[in-house]
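Chains as they are written, first to last, in the working numbering: chain B, 262 to 399; chain Y, 2 to 392.
Hint data in this document are derived by calculation from the structure and do not stem from the laboratory.
Glycine is no exception: its CB is placed at the ideal position from the N, C-alpha and C atoms.
Estimated spans, in silico, between C-beta atoms of each pair:
| id | chain 1 | residue 1 | chain 2 | residue 2 | range |
| --- | --- | --- | --- | --- | --- |
| 1 | B | N376 | Y | G216 | 56 to 66 Å |
| 2 | B | N380 | Y | I183 | 53 to 63 Å |
| 3 | B | N376 | Y | T246 | 19 to 29 Å |
| 4 | Y | F226 | B | N347 | 31 to 41 Å |
| 5 | B | I309 | Y | F226 | 22 to 32 Å |
| 6 | B | P365 | Y | I153 | 17 to 27 Å |
| 7 | Y | F226 | B | P365 | 40 to 50 Å |
| 8 | Y | L172 | B | T335 | 57 to 67 Å |
| 9 | Y | L95 | B | P365 | 29 to 39 Å |
| 10 | B | N376 | Y | I187 | 52 to 62 Å |
| 11 | Y | G216 | B | I309 | 21 to 31 Å |
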Amino acid sequence: MNLNILKPNKENISIYLVMGVGLLSVGFIDILSNTFFNFNITRIFPEIISYLSPLLLGVFGLHFIRIEYSGNKTLDIINKNLNSSNFNAILSLIVVFILIKYLPLLLKWAFFDANFLGNTKEDCTGDGACWVFVKVWL
Amino acid sequence: MNLKNLSINLKNKKKLIPQVLTLLFIVLGISYFAFNAQTNMGNRGISFGYGFLGQEASFDIGFSLIDYDGSHTYARAFLVGLLNTLLVSSIGILIATLIGVTVGIGRLSSNYLVAKFSEVYVEVFRNIPLLLQLFFWYFAALRALPLPEQAINFYDISYLTVKGWYVPKFLWTNFSVFIYSILASIIAIIFVSKYAKKQREEFGKQLPSFYIATGLFFLIPSLSFLIGGVKLNFEIPVLKQMSTTIFNFHGGVSIIPELLSLAMALSMYTATFIAENVRAGILGIGKGQKEAAASIGLTKTQILKLVVLPQALRIIIPPTTNQYLNLTKNSSLAAAIAYPDLVLVFAGTALMQTGRAIEIVSITMGTYLLISLSISSFMNWYNKSVAIKEK
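Chain B with its partners taken away, still in its complex shape (with noise of 0.2 Å):
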């Protein structure tokens, strides 16, 4: 057998599909759970590469899978849009970990801390933002 990692080919497939998409999730769950849970899995590095651990999991993970006319859809899919080059991968990676890391603030913000009852400033008690006046004005 003839394992070639830096140019994964179509014979190891599984291998290297079980490598890719275990060393993703393991980079998404490491970000999640430092988002999430405030703890972070990869603290015994230096903080630099604890830090950087997802983007840097994610893209050795996304170099496993990049493998051209694999013969699986799903996969083909994903590399043409999401994974053609290494700079494609980090891009993808950032969007997907900016989204992560702001929706949840910006939804708590608009919607989970926000107050919609009630006619005067006042009202607003929580830390979100403050509709009343939109219902007031409507």
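With the hints as your guide, set chain Y onto chain B.
Quick look at chain Y alone, frame taken from chain B:
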């Protein structure tokens, strides 16, 4: 100019009559308004004149780039406001251009996520009024920052708090020598690039001019540290306890939240329009050009850099000039969050104190006109320099 066109052709009296009538109406209208203002001002005992500029202003301004307190004159207060406006506009223009170009190229990316993300960003920020975005950044985003004692720490040199962003202050000795060294390096780079161009055109030699230029840019200023006696020290902000519960940072430079949120809102809003201009410019280059470039073996980055962008710039620059002017004029929305810009300081506080509406409003209008005209003449010059040179 052709003087023949200016001279009045007396034979053509039919065309002359409406022109004289229009001129008469304009002169009459202006003199009516001037007379009206004069009588009204005379009735109320208001005199006209710019002498108040030398008087003591006796109000304080929260943020200023030059020395200012209440004992300075109104002219000095005007200068403070003008500098604050110029500061926020130039920061805004810089960031808006960076974000705009990145997002504009991102919208055309083959990467589905990047293209969609850029599209959502453009559509969201373009369609929300600027004033609302300003309120969002000021009242929602920056108010959520922590108090000084729990400041967000950037490597122990810079701190982000609800009271502003504290950054280290640069303390220079022999600063002028450093500026001269930068000028010298720029002149050297121009000389090298001209020499490299000559070598390429006459002898076909390729000099590594980019590496030479980068080397020169870092070498000559660093020589000024070794030989010219230039020294750079940093004053790092330090947390100090004011009383039992109140903490604050001392030293360093404090960037106030008003400036942060105004620069943020202006650049995020204008960047969407610049992004659309960039996208239009790139799409405006024929598909055949890109295919021809690809067929001679250029990479995607090379195609963008060498074939598409030089031509796209001609389409991008004129509407982008428009956006720069919009950004500068929109910076007067600063009054809504009390950032002390020209409108708030001069056309607000100074106008309220002196009551000289005509003088102050005319100075403010003239200043904005001057800023806009200088931006547009600079951009026109730049547009000419990238235009097709027809022989």
